[in-house]
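Enquirer: With these hints in hand, go ahead and build the complete structure from the sequences.
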Amino acid sequence: MTFSKFSNPWRKIALTSAILGLPGTAMAEWGLNLPRGVTPYSNTVYDLHMLILGVCVVVGIVVFGLILYSIIAFRKSAGAKAAQWHESTKVEILWTLIPFMILIGMAVPATHALIMMENVSNADMTIKVTGYQWKWHYQYLDEGINFFSTIANDSNMARQLKSGVDPNTVPNYLLEVDNHLVVPVGKKIRFLTTAGDVIHAWWVPALGWKRDAIPGYINESWAEIQTPGTYRGQCAELCGKDHGFMPIVVDALSAEDYAAWIAKTKAATQHADADAVVPAAAVAQQ
Amino acid sequence: MSEAATHHEHDHHDHHPSGISRWLTTTNHKDIGTMYLIFSLIMFFIGGTMAMVIRAELFQPGLQFVDPQFFNSMTTMHALVMIFGAVMPAWTGFANWMIPMMIGAPDMALPRLNNWSFWILPFAFTLLLSTVFMPGGGPAGGWTMYPPLVLQTGAAFPFLIFAVHFMGASSIAGAINIIATVFNMRAPGMTLMKLPLFVWTWIITAFLLIASIPVLAGAVTMLLTDKFFGTAFFSAAGGGDPVMFQHIFWFFGHPEVYILILPAFGIVSAIIPTFARKPLFGYASMVYASAAIAFLSFIVWAHHMFTVGMPLAGELFFMYTTVLIAVPTGVKVFNWVATMWQSSMTFETPMLFAIAFLVLFTIGGFSGLMLGVTPVDFQYHDTYFVVAHFHYVLVTGAVYALMAGTYFWLPKWTGHMYDEGLGKLHFWLSTISVNVLFFPQHFLGLAGMPRRIPDYSVQFADFNMVSSIGGFVFGLSQLLFVVVVVKCVKGGAKATDQVWEGAHGLEWTLSSPPPYHSFNTPPDPATIEGGMR
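Residue numbers (numbering that gives the first Met the number 0), protein chains in the order written: chain A, 0 to 285; chain B, 0 to 532.
What the hints contain is simulated information worked out from the structure, not anything from laboratory work.
Owing to the predicted nature of the structure, the values given are computational and were not obtained by experimental measurement.
This list has only true hints and no planted wrong ones.
The calculated DSS-like cross-link candidates involving lysine-lysine, where the alpha carbons are at most 25 Å apart (straight line), are:
id, chain 1, residue 1, chain 2, residue 2
1, A, Lys75, B, Lys493
2, A, Lys265, A, Lys186
3, B, Lys226, A, Lys240
4, A, Lys127, A, Lys187
5, B, Lys423, A, Lys75
6, A, Lys186, A, Lys127
7, A, Lys127, A, Lys265
8, B, Lys193, A, Lys89
9, B, Lys489, B, Lys423
10, A, Lys265, A, Lys187
In silico negatives: residues of chain A with every beta carbon more than 12 Å from chain B:
id, residue
11, Gly185
12, Thr226
13, Ala267
Where chain B lies over chain A, by a calculated footprint (3+ residues, C-beta under 8 Å):
id, stretch
14, 44-52
15, 59-65
16, 85-97
17, 103-114
18, 210-216
All C-beta atoms in this analysis are idealised placements derived from N, C-alpha and C, irrespective of residue type, glycine included.
Expert: Below is the structure:
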């Protein structure tokens, strides 16, 4: 099957990026590249990122190559004499139209990806995420479970100014919390994000997106995690002094393990009223 | 080129006050330009010191030096000082010094307003910088001042708002002055399409300032009334909308970044043809491309807010308009490269900075293009990828053009050649260290490091350490720049009128330094006809 016979644009992108981006995944492991993540959307985003990066690298090689060549070949010290031509309408049109076409080539898959992200319909479950200064609150709207998620104590002690604790000795330093957000794999999860005081943002890179958590707004996003595992993220909107210290940890479990967790958690919090969301202490600090 | 009229001018108005009085009351565009440039250099070092505090804290994981609140005030103030105190006043300083000379005018159209525009700035920055010493410290909600967080600012809050108002007023007044000057005081024969590109880019910048700064003023005034006068513009509980602030702020904020870069394009368009000994390729296209960039800059603002929860149609619209800006910007880059093609180049310090600008600003442009693609921006937004992008376009873009312009025109301003060896040393130290400082930040952002955090998880440690080392070297290297400038002001080899073999433009027909009042009589139109391209 030749390349042009891929009518589905996703296959073209996947194949191109697989070829050009073979080192891309390896680079992600060295902390050099965006990771692929574990959802269909995160993979789409990764492929789009590699496509655009690829275009930029190619254009860069051409333009910087011409600059380097000029610096060497057109030096006065090497005897170069300056031409005096200084305009060409034809060339101006060409280097306006060609970039424009390249942009359209990028805009098409980007539009598809955005439509994919914003299609929150037919979700299997809904979790409401509320940002506070400086912790997260999670509420499973279909299950009647809710809890706060705050930075783990060992990280919190180690990060104090001049604590004397070496961060390398703290497991998952700044990326561990007391209560993980537990979700099932293979299910479309709708996330509602909001906040109780200032603007925060909920971001788990492995899911492929972040969304602002804004007081007075309810934003919708979705994710379908394909691989069981633990995925870590952080608040991604400046929210005050401890903005860097309100991490997110998501545990994606198999369907059976998730059902077991739900049962166990419900039993343990039998007296909690799932609809009493607003905590007393969400007061802005002066 | 006719030199008779300019050289043998007898300046009958040489008696001006001396000492402090001179500088406080001067209405001379050269004096005012000098004051703007010295003020800008001081602010550059203040903002740079704040950056050194930031990079020192980020050198290793863990908190070693400052608490998180102070760190946030450093990132906030660093940006405010660099944008409003270093780069914008520097451009105004260049405009003051060069525009009258470039168009054959004796001074700016509104000289007293010009004096006032400058002196507002030291007052505004005293207000702003004093907040660091107040209870609660300086503002720490980011230079973007998003509510509700910014409303949690303590005693510093009204000082922040008033400082922003004063800086804005200074910019608006300066912009009015530049437009009035260029449209009314060009010498006979200096038609609009003969203007040096630096003047064109400043005209366009001036219109952007007049359109956008009042919007900023409105936004911060609403913050003030929300805090002190019971309004609820940005409070959901009161029926308002925090996101509305972001729309209003970025409607100013995006044209603002083009305000920061357009004069840089003008300077590079003067320097490359000079040291290539070849006319600028595609003058008319360069003018139209600059105007296109300015027009587009008004319809892209929400790309700073892609994660806020906009409707799909909005996200698509802003993605399309944002990536479109790559087209006129690309045209400009290609025109500069075409100027170098089949030219005859030498590589004095101004040209080194201009070529570095061409390469490194383009890298910043590439990361900007990536950021403009909404679905992927959901990963990049509010990470170090954004920090890398804007530092490439602002430091290796705007600041490099400022350095290039300074080296280019110092001999004209002072009458002395600067020390070329020191200049080249400054260039190489800066260029190597600035890339060590900012390039790894792309990787940090892609690997998942958010911005505006004083401490980070250990997988980000290596690149942060590398970046900080680059930062310390870059910061120290700028002291060399001060040495070069001070040394040049005090003395050096005598500069000719034309200074550079390939220089064209009315300013190069004047003596080095030019008379205190130049072009009291307009230049000969034959001069303009003969050597402008």
